[in-house]
Amino acid sequence: MSTTGQDVLQVLREIIDEVAEIPAGRIGLDSAFVSDLELDSLAMVSVFVLVQRRLGVEVPNSVVEKLTSVGEAVAYLEHGKAPV
Amino acid sequence: MEHLRERTRPRGVGIRSIGRYLPDRVVSNADLERILLTRDDWIRENIGVRTRRMAADDQWTSDLGAAALLDACARAGVRPSEVDLVVCGTYTPDHMAPPTAMLVIDKSGAVGAAGFDVNSGACPGGVFALDVGAKYLASGQYRRVAVVLADVSTRTMDWKDPGPAVIFGDGAACYLLEPCAPGLGIGTTLLRSDPSAYQAVRVAREQRTRRDGTRLSSGFGDNFSTLDGSAVHGLAVGEVPPFVAELLAAAGREVEDIDLFALHQANLYIVREIMAAIGVPMDRTVVNIEKYGNTSGASVPLVLREAEDTGRLSPGDQVVLAAFGSGFSMGAALVRWCGPEDFTPEEFAREEFAPEKVATENFAPEDLAPEEFAPTGIRS
Chain A
1 MSTTGQDVLQ VLREIIDEVA EIPAGRIGLD SAFVSDLELD SLAMVSVFVL
51 VQRRLGVEVP NSVVEKLTSV GEAVAYLEHG KAPV
Chain B
1001 MEHLRERTRP RGVGIRSIGR YLPDRVVSNA DLERILLTRD DWIRENIGVR
1051 TRRMAADDQW TSDLGAAALL DACARAGVRP SEVDLVVCGT YTPDHMAPPT
1101 AMLVIDKSGA VGAAGFDVNS GACPGGVFAL DVGAKYLASG QYRRVAVVLA
1151 DVSTRTMDWK DPGPAVIFGD GAACYLLEPC APGLGIGTTL LRSDPSAYQA
1201 VRVAREQRTR RDGTRLSSGF GDNFSTLDGS AVHGLAVGEV PPFVAELLAA
1251 AGREVEDIDL FALHQANLYI VREIMAAIGV PMDRTVVNIE KYGNTSGASV
1301 PLVLREAEDT GRLSPGDQVV LAAFGSGFSM GAALVRWCGP EDFTPEEFAR
1351 EEFAPEKVAT ENFAPEDLAP EEFAPTGIRS
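Protein chains in written order, with my numbering: chain A, 1 to 84; chain B, 1001 to 1380.
Bound-form chain A, shown alone (with noise of 0.2 Å):
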């Protein structure tokens, strides 16, 4: 992947903000996707439909359901990295 992990994060804030209307302020690598972001699984899987269309990467189900924060997100959209 040619993006680097601030392009990734901007675009995830983006994403966040068009799918929750959260502003990008407000979302760090360390906000957790429930606790911090209040995003459910509805919510999870709109942003990444949209990471799919935007960065073209497609996070299977099972990926999203294990990525809590932010970081782990960038993590894997980077590195392919999913937390165990």
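Be aware that one or more of the hints could be misleading.
To be verified - Short derived list, chain A residues pointing at chain B, Cβ under 10 Å:
hint, residue
1, E18
2, V19
3, E21
4, I22
5, L42
6, S46
7, V57
8, P60
9, N61
10, V64
11, T68
What the hints assert, rightly or not - Just some of the chain A residues that point at chain B, by a computed CB distance under 10 Å:
hint, residue
12, S35
13, D36
14, L37
15, S41
16, M44
17, F48
18, V49
19, L50
20, G56
21, V84
Treat the hints as calculated values from the structure; they're not laboratory data.
Even glycine gets a Cβ: it sits at the ideal position worked out from N, Cα and C.
On the provided structure of chain A, position chain B as indicated by the hints.
Just chain B now, kept in the frame of chain A:
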């Protein structure tokens, strides 16, 4: 009074037939992927829906309901004009007034029938509206009652919000009720409502806008389906099994006595969890949510119709109907399924249903002290 009391002999209320109508337009999850931020695999794994039906642009609730009523009449071999009362359970009326039942009567040719709507909050209608119709029939004043459950739920969608949009489908069903032999037909019925869960699933009236600030509308203007999936899941799985147990206890039945559980099709996994909590294998229910989605009040009668068509439901079977949803309300009924020979056409003798006689015989003023009926403040 003896000659009058004779006419109030016990009668059962049986489901003579179930009619159905599902719009032709099939919408797959792949179709939804093109307009919503969602995925086919997520919908299948979390909701259990593969396809749903959507009414044509020129079809409204009354069109679906009238078609279901006509189908019910055709299956029973009766003319729509022989229906005396139409109760339409809907939360998506063609217009706010008159009731949708008027157009169902007009479009189906149920001329001469009286009619009104029952809005029991969409999904609970499969039992709530049935209970209303059953009690009217039991009164003896009506010889044949059509309880129509019809909704165009897809017209209530905000197509930016995938939550409700991936779940609901349009459809209609009709219970045709007739007197049956005592002890058969619709038995113990329980209704329960919990307004503290008002927000869990509802059609909210609110102004919504797109990101560019332009106004968003559903087919019902500023009214949009909205639901809290985890709240509905918790209510359904937590409340419905003990409610069914309560019904069975009230009717003096055991879970093992029941041949079929006809559950509201809220979500495939909710149906599975309710069946597991009741302690019954899935082969004692029928599901249709995979192909029709959640069809609101029509879902329970559509399950019954499918069970009948596939040989899963036979005369004499004991059936539990359970409908639940917006309110949060739950309705459950125990039904002893009737065959054609269980209906009692002799009950249709003209004088049996003369309203003035029923009105006389249903009241027994001598049994009641007059003061019990004096409204507060005007007692002498």
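Right, here's what the structure says about each hint:
1. E18: 7 Å, holds
2. V19: With a minimum Cβ separation of about 7 Å from chain B (threshold 10 Å), the hint on A:V19 holds.
3. E21: At 8 Å from the nearest chain B Cβ, A:E21 passes the 10 Å test, so the hint holds.
4. I22: Status violated, d = 13 Å.
5. L42: 6 Å, holds
6. S46: 4 Å, holds
7. V57: Violated. Min distance 14 Å.
8. P60: 8 Å, holds
9. N61: With a closest approach of 6 Å, the A:N61 hint holds.
10. V64: Cβ of A:V64 sits 8 Å from chain B, so the hint holds.
11. T68: For A:T68, the interface hint is violated, since the closest Cβ of chain B sits about 17 Å away, which is over 10 Å.
12. S35: For A:S35, the interface hint is violated, since the closest Cβ of chain B sits about 14 Å away, which is over 10 Å.
13. D36: Status violated, d = 18 Å.
14. L37: This interface hint is violated because 16 Å lies over the 10 Å limit.
15. S41: 7 Å, holds
16. M44: The hint holds - A:M44 has a Cβ within 10 Å of chain B, the shortest such distance being about 9 Å.
17. F48: For A:F48, the interface hint holds, since the closest Cβ of chain B sits about 8 Å away, which is under 10 Å.
18. V49: Holds. Min distance 5 Å.
19. L50: Because about 6 Å separates A:L50 from the closest Cβ in chain B, which is inside the 10 Å limit, the hint holds.
20. G56: Status violated, d = 16 Å.
21. V84: Hint on A:V84: violated, closest Cβ of chain B at ~21 Å, above 10 Å.
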